[in-house]
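Trainee: Turn these sequences into a full structure, and let the hints steer you where they fit.
Protein chains: 2
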Amino acid sequence: MNKIITIGRQFGSGGRELGKRLAELLGWAYYDNEIITQIANRTDLAESYVKQILESNPVASFPITIGQTLYTSVNSGIDQATNIYVEQSNIITEMADKSDCVIVGRCADYILRDRNPFKIFVYASMQSRVDRCRSKDEKSDVLTDRMLLNKIRKIDRQRAKYYMFYTGYKWGEMRNYDICINTTNASIKDVAKALVKMLQPEEQTK
Amino acid sequence: MNKIITIGRQFGSGGRELGKRLAELLGWAYYDNEIITQIANRTDLAESYVKQILESNPVASFPITIGQTLYTSVNSGIDQATNIYVEQSNIITEMADKSDCVIVGRCADYILRDRNPFKIFVYASMQSRVDRCRSKDEKSDVLTDRMLLNKIRKIDRQRAKYYMFYTGYKWGEMRNYDICINTTNASIKDVAKALVKMLQPEEQTK
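Chains as they are written, first to last, in our numbering: chain A, 33 to 238; chain B, 33 to 238.
Don't take every hint at face value.
[Claimed, not checked] Dumping the calculated DSS-like pairs for lysine-lysine here, alpha-carbon to alpha-carbon at most 25 Å: (1) K202(A) / K83(A); (2) K225(B) / K221(A); (3) K225(A) / K225(B); (4) K183(A) / K168(A); (5) K202(A) / K202(B); (6) K202(B) / K83(B); (7) K83(B) / K193(B); (8) K225(B) / K35(A).
Please keep in mind that the hints were generated in silico from the structure rather than gathered at the bench. This structure is a prediction, so every number in the text was calculated from the model and none was measured.
Mentor: Listed below in structure tokens is the structure:
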């Protein structure tokens, strides 16, 4: 079975950078936006629309289990979101079948739970997330600190709702992960190297 | 300023083993039961009594801040526990003054908060904690699984109450730590080596 790392992350905590660095150091595939492109290709929906659906809150507030539920929605919005989620699950499973990989977000830890992925959660203080957003994304310049803070909180709330809706678990709950890393005072480069050492203690890596 | 690692840990999760290994790899001092011996020496109380006080629940359920409170207790039990806590705080501060060190438990993360310690929390699934207790402590053999499970839960509850009472913070809350490590499927030896790499990325260690 291929080796898999999944990364859940608070917005602005550097989870994506950590994922990329890990994939590079390990020589594994890295999947993030590629998944959206694939969904768009398969469903004939625009990438921007798929992204919007995946980032919006599921309407209902109770968890459902795809394939085991008798729940049939009359709300086409939920249907659309659910179809996209199912397609996403298929794509993530296929990607994990193909090679060792690092997957950021997208409930991958839950979708691939039978394959025993190494599950990371990345978090940081609000101030360091504001600072990281400013340093990584020029578009943040037009936002005041308060606006940026509200944006961060909103995206986190969406991620938590999305995760709860599709998995039934609380997003970012420590016990659901193998390791939780606070990047507030950390060098993500050093964290990535240390994690490689943890995952491949005896092997030489690049 | 000396470098400090503090380790909070669920009972049976291997936090003490991790602390010992880290101290050994880094060549730093390691403090755990030594603190109790020192308190006993300074207060003229028996070590077993100090240990019992430190492991029992503080009676009141609200946080107090030593040195900043006008609260004067008429309950000598609380007074005794508070005196021991103050003595413990002094000893921990002195130890941190002396050399680089690893300190397990005892609210050291809070007591030394101004010295910017690297704060670790160690946790694991209940089953792996039961297994670890059985493998590390022969006395566990006389306990049924249910009894051992109740013991683990009780000690965790005591740690949480103790921590809340003296620090005002929730014990084991992710955001209060730099890294949280699930030892359920991990080799503590490998985790220790990886953490050393994270803390001393450029240095050669033993």
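Trainee: All the hints need checking, so say for each whether the structure fits it.
Mentor: Results for each hint:
With a C-alpha separation of about 22 Å, the suggested pairing of K202(A) with K83(A) holds against the 25 Å cut-off. Using a Cα cut-off of 25 Å, the hinted pair K225(B) and K221(A) holds, with the two alpha carbons roughly 17 Å apart. Annotation: proposed proximity of K225(A) to K225(B) holds, straight-line Cα distance about 11 Å (limit 25 Å). About 15 Å separates the Cα atoms of K183(A) and K168(A), which keeps this hinted pair within 25 Å; it holds.
With a C-alpha separation of about 18 Å, the suggested pair K202(A) and K202(B) falls inside the 25 Å cut-off, and the hint holds. Pair hint K202(B) plus K83(B) holds up; C-alpha atoms about 22 Å apart against a cutoff of 25 Å. Taking the CA atoms of K83(B) and K193(B), the gap is near 16 Å; set against the 25 Å cutoff, the hint holds. The hinted pair formed by K225(B) and K35(A) meets the criterion: a straight-line CA distance of about 21 Å does not exceed 25 Å.
The structure is consistent with each of the numbered hints, conforming to all of them.
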